[in-house]
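**Student:** Residue numbers (the numbering used here), protein chains in the order written: chain A, 26 to 224; chain B, -13 to 707.
Calculated directly from the structure, the hints in this document are not laboratory data.
A hint or two may mislead.
Claimed, not checked - Capping the alpha-carbon separation at 25 Å, the derived lysine-lysine pairs in DSS-like fashion look like this:
#1 Lys613/B - Lys70/A
#2 Lys75/B - Lys190/A
#3 Lys127/A - Lys65/A
What follows is each chain in one-letter form.
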Amino acid sequence: MIRALAALFVTTAMAAAHAVTVGQAAPDFSLTDVNGKTVKLSDFKGKNVVLEWTNPGCPFVVKHYGSNNMQSLQSDAKAKGVVWLSINSTEKNHSDYLAPAKLNAKINGEWKGASSYLLMDESGKAGQAYAAKTTPHMYVIDPTGKLVYAGGIDDKRSANPADVKTAKNYVRAALDETLAGKPVSVATAQPYGCSIKYP
Amino acid sequence: MHISASATQKHRLPTFAKTTTLLAGVAAFLCATLLHAAPIKTEHAEVELIAEKTALVAGEKNLIGLSIKHAPHWHTYWKNPGDSGYPTKITWDVPPGYGVGEFDWPTPKRLATGPIVNFGYEGEVLLPVTISVPLAAKVGESVTLKGKAEWLVCKDVCIPEEGNVSVTLPVAASNAIGADGARFAAARAATPGDASAWKATLHTAANPARDAWLDLVAPAGATALTALDVFPVLEQVNDPSVQQVYRTPQGYAVKLKLVDGVKLPERMPIVLAASNPIGAKGETAGTTLATVSNTAFVLPAGASALGGAASSADSSANALTFWSALLLAFIGGMVLNLMPCVFPVLSLKILSFAKHSGKAAESRTAMRQHGIYYAVGVVLSFLALAGVMLALKSAGSSIGWGFQLQNPGVVWVLAVIFFMIGLNLMGAFEVGQLAPSSLLSMQAKHPGIDAFFSGVLAVIAASPCTAPFMGAALGFALTQSAAAALAVFAALGVGMALPYVLLAWFPKWLDKLPRPGQWMVTFKQLLAFPMFLTVVWLVWVISLQAGADGAAIGLLGLVGLAFAAWLIGSMRSGVRWAGVAAAVTAMALAWPTAELAQAAVMSATPSKANWQPWDPATVAKLNAEGKPVFVDFTAAWCVSCQANKRLVLSRAEIVSLFEQKQVTLMRADWTNRDERITQALAAMNRSGVPVYVLHAPGKAPQLLPELLTTGIVKEALLALP
Chain A
26 MIRALAALFV TTAMAAAHAV TVGQAAPDFS LTDVNGKTVK LSDFKGKNVV
76 LEWTNPGCPF VVKHYGSNNM QSLQSDAKAK GVVWLSINST EKNHSDYLAP
126 AKLNAKINGE WKGASSYLLM DESGKAGQAY AAKTTPHMYV IDPTGKLVYA
176 GGIDDKRSAN PADVKTAKNY VRAALDETLA GKPVSVATAQ PYGCSIKYP
Chain B
-13 MHISASATQK HRLPTFAKTT TLLAGVAAFL CATLLHAAPI KTEHAEVELI
37 AEKTALVAGE KNLIGLSIKH APHWHTYWKN PGDSGYPTKI TWDVPPGYGV
87 GEFDWPTPKR LATGPIVNFG YEGEVLLPVT ISVPLAAKVG ESVTLKGKAE
137 WLVCKDVCIP EEGNVSVTLP VAASNAIGAD GARFAAARAA TPGDASAWKA
187 TLHTAANPAR DAWLDLVAPA GATALTALDV FPVLEQVNDP SVQQVYRTPQ
237 GYAVKLKLVD GVKLPERMPI VLAASNPIGA KGETAGTTLA TVSNTAFVLP
287 AGASALGGAA SSADSSANAL TFWSALLLAF IGGMVLNLMP CVFPVLSLKI
337 LSFAKHSGKA AESRTAMRQH GIYYAVGVVL SFLALAGVML ALKSAGSSIG
387 WGFQLQNPGV VWVLAVIFFM IGLNLMGAFE VGQLAPSSLL SMQAKHPGID
437 AFFSGVLAVI AASPCTAPFM GAALGFALTQ SAAAALAVFA ALGVGMALPY
487 VLLAWFPKWL DKLPRPGQWM VTFKQLLAFP MFLTVVWLVW VISLQAGADG
537 AAIGLLGLVG LAFAAWLIGS MRSGVRWAGV AAAVTAMALA WPTAELAQAA
587 VMSATPSKAN WQPWDPATVA KLNAEGKPVF VDFTAAWCVS CQANKRLVLS
637 RAEIVSLFEQ KQVTLMRADW TNRDERITQA LAAMNRSGVP VYVLHAPGKA
687 PQLLPELLTT GIVKEALLAL P
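For reference, chain A alone in the conformation it holds in the complex (with noise of 0.2 Å):
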């Protein structure tokens, strides 16, 4: 009985929330992406790896992919051997959840996305780990597996495609520092966009 007590004692004491930070490891997660293939973080240590916090039924990721943006940043990225994972933690009662094969019909099909994995994070505890709030929010790791940049993927917060021109992109910028071996000059930003839907 001890035992089992002393277990539930873990889990009260364990509920305190974790944060990520920007130069710190980034917490590792496995998740399982819309062909049904799991996918570990870990498994890119080595590589310069991007996450994207996505749900194709928010205005601003539409913003990024209608203005054709995010494809780009996407492809450019892989270009340069960076492993890119697009995650939807959007909890599976909300109006804006779609299964996998709808997900990956929207954003890989329609919208031709091009990120290395597009994963299914229902329960939100990738997310939570990475204490996503928006989609988009982007973070960076490099190929230590540190954190180096976490933020808004731009400093135009709006939904106007046309603002995609005139934007400085964050994510863009830490991805050419890191890959060039150099620090990410601006290493956390606000995130915009559209709360994540956790359950």
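Got chain A sorted already, so can you dock chain B onto it with the hints?
**Tutor:** Relative to the frame of chain A, chain B by itself:
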């Protein structure tokens, strides 16, 4: 210029076209009139520009405002939107010479969607803007103030919306409050006033959890607040979902969590929203500038938690609810019975039950009565202890559960009690010989008295053993109202007494015991030994609190008491009085003094080479260097602490794992009173020891359970990078 009535009528006309037609029909220069474009209506909001007064006056400042009427449950955002969203804005297009100010944002509401917390507005809101009318404005001309409004309206989904808004006003020599005047008055009342009389300091000493403390010193004469909510005006300063408000002797302290990579100004504007007036003009919200200081903050003695709008959001993450605290206290109370310091008392009780069960059935009522009296004794003792603790706390003492054992005098009294019980069990004297005859006759009339006091004794014996689960529940209890705290302690008592009450009710369960006889005398004598072992442990605690001298004096006192007991037990009544005198003398001489306790503080910290004394600044420094730190909050008088230390933390495999993961080991010793440790415990919602904390770099501190197993510690350590 008598236009107010007509203006009111006209601007209510449904279409712009109709109004213009009407306008054209009137002598335009004499009767230019207020009008605004039809509101923009979307599925989620109705948005329009409105004016406070009927006209603009040259050289004056006039108010217009963006009115947003949200569909039910939809909201738009404050200037700091919180976790997501963005503030409503207008890109103005006004005639040359006209100046447009910023929105005078009303105090926002805290809007939570799951773990995401936003600051914004629901229902109807008016965002007023001050228009500076140029001196050159000509009376009679009609001025259109317009702009592109953009707002993000959200429920569980977010819709960015925009539209062109405008209001047209005549320029006049004077003006009056218009039809929408009441809405401006309401907006003014809802706008934060000046709370600069509240001296605010934001303490941001580096720590891995990015905790920051906002220390608020209330101005003289401020009324006590029942709720306080804090809204930082700047975006991306703190995590809006984390906010714990405490009442301090000087005002309030609010624990916040900074966002990663935050860059703070020297003076940071903060809106305080309270239950009572706090603004200079009696507003219930006000803005003050917090001085940002790179210093650490310790919650002062006597601080207590205060309900705030955010505390509910926060408590879901790591605090207990009232009911789960009651349940934990109840379970903790039952577990207490198995603790080494209580078990001998338990055995005594069972023994007395066995005696009773041997007798005839008429004693059944007596036994049940016995059980009830025992339970009442236990519960009342816990309530009394809780009452003393709450009283001390409200008097400003920085104490936590186990406080009673931080005084070597109390520990010594416990040693005496256990020693005397031991002697009594050995047969050195009988209780009847000690007690005055009046008490004896009372006991004869009321056998319940005996049961009641064995309950009291059980609680006294139990207090060193903060059982698993009790820490969390008692920590919770101390942050609640006195009534809730007492309820938690009562639950603890009920849990502890329940097994006996059940045994008293169902004596058949005792049938398995052998029939009373000589074995009971032997068993009774055998029970003296756990008592003496408890005495050894208590004297060891005294030795840590009051040094070797203190312990020696304590032991001498015990020998004196043993001599006194022997005199009382074996001699004639005349000599008995000498025994009582000897006992009193021994007690008086052996009482450990406070001076000794102070002198012994240094020696109280175990000087094991691989454990260093706890220091929060060092923890933060090591974490910043990427090194993990394990902190053991312990006390010599805490039995669970000693058990964990010997059975788990000192184990070779754990020690080598600590080395392998390069964990710095720190021990916070609470054997004697230590304010810093009491506050650190309070900050973790704990009130007593043991508490085990693993500070991994870049992670929130991880609390391990109070009952450690090698598996639990290993698991936590292996999770380290």
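**Student:** All the hints need checking, so say for each whether the structure fits it.
**Tutor:** Verification of the hints:
About 21 Å separates the Cα atoms of Lys613/B and Lys70/A, which keeps this hinted pair within 25 Å; it holds. For the given pair, Lys75/B sits about 21 Å from Lys190/A by alpha-carbon distance, which is consistent with the 25 Å threshold. Distance check on the hinted pair: Lys127/A and Lys65/A sit about 22 Å apart at the alpha-carbon level, within 25 Å; holds.
Consistency with the previously given hints is maintained throughout, with no hint failing.
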